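J.: Okay, here's what each chain looks like letter by letter:
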Amino acid sequence: DAKTTQPPSMDCAEGRAANLPCNHSTISGNEYVYWYRQIHSQGPQYIIHGLKNNETNEMASLIITEDRKSSTLILPHATLRDTAVYYCIVRVAEYMNYGGSQGNLIFGKGTKLSVKP
Amino acid sequence: DTGVSQNPRHKITKRGQNVTFRCDPISEHNRLYWYRQTLGQGPEFLTYFQNEAQLEKSRLLSDRFSAERPKGSFSTLEIQRTEQGDSAMYLCASSLVGREVGLPGYTFGSGTRLTVV
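Read top to bottom, the protein sequences are chains A and G.
Going by our numbering, the first residue of the first sequence is number 1, and it counts up by one from there.
Going by our numbering, the first residue of the second sequence is number 1, and it counts up by one from there.
Hints may be right or wrong, so weigh each one.
[Unchecked claim] Which residues of chain A face chain G? A few of them, derived with a C-beta cut under 8 angstroms, are:
| hint | residue |
| --- | --- |
| 1 | Cys12 |
| 2 | Asn30 |
| 3 | Tyr34 |
| 4 | Gly43 |
| 5 | Pro44 |
| 6 | Tyr46 |
| 7 | His49 |
| 8 | Tyr87 |
| 9 | Val92 |
| 10 | Asn104 |
| 11 | Leu105 |
| 12 | Gly108 |
| 13 | Lys109 |
| 14 | Gly110 |
Just so you know, the hints here were simulated from the structure itself, not pulled from any lab data.
In this text, all values refer to a predicted model and were calculated from it rather than measured experimentally.
Here a beta-carbon is modelled for each residue, glycine too, at the ideal position from N, C-alpha and C.
Using the sequences and the hints given, assemble the complete structure.
T.: Structure, rendered in structure tokens:
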């Protein structure tokens, strides 16, 4: 899987948008961008994923650049409960991985987001 | 279905003892993964199963570690002759592979925290 680069930490004021960047300059054409987060003492939680189009769900928005070499996760109105480590991962999609050994989630160190009142 | 369940949540053991952890995945998921996480690091992949078949094992999985998934349902991870370096959070995740893209990724459990004294 392609490697990603994320800033080790970021701060955000409560109620403001949190924009978390991720660089993935060696991403392959069949690799998706996935975002997970891990709140202290819990397992990682899936947030969103995308291939090349921008995606939005009830948790966040994912903006992927046209060349797909970077992306940004946006939490539109950050709350104190969004304080967590956010992981950006690139990998082949689950449906392309049936029976194969590639595509396992490989985590880096992520970005520690601190939402402050 | 209440998600991925892991037991026990915490385990303290003396060096040299054997320990076993259990993971109950989401019932319709056909893949099950084990990860290990130490303080300040992202989760590290250990092994995964597709149904009852163990398809991949990381180099991190020494011969003291063994995982099983009988009948393709729950899974157990056993560590024999524990060492202090085995102290970590052991995370289990499950996913459904072979369907259309757009499904969320892995669902993680809350983990089992192992302390070897």
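J.: Compare the structure with each hint and give your call.
T.: Consistency of the hints with the structure:
no. : hint   : result
1   : Cys12  : 21 angstroms, violated
2   : Asn30  : 11 angstroms, violated
3   : Tyr34  : 6 angstroms, holds
4   : Gly43  : 3 angstroms, holds
5   : Pro44  : 5 angstroms, holds
6   : Tyr46  : 5 angstroms, holds
7   : His49  : 6 angstroms, holds
8   : Tyr87  : 6 angstroms, holds
9   : Val92  : 10 angstroms, violated
10  : Asn104 : 5 angstroms, holds
11  : Leu105 : 6 angstroms, holds
12  : Gly108 : 6 angstroms, holds
13  : Lys109 : 5 angstroms, holds
14  : Gly110 : 6 angstroms, holds
Consistency with the previously given hints fails for numbers 1, 2, 9, ordered from lowest to highest.
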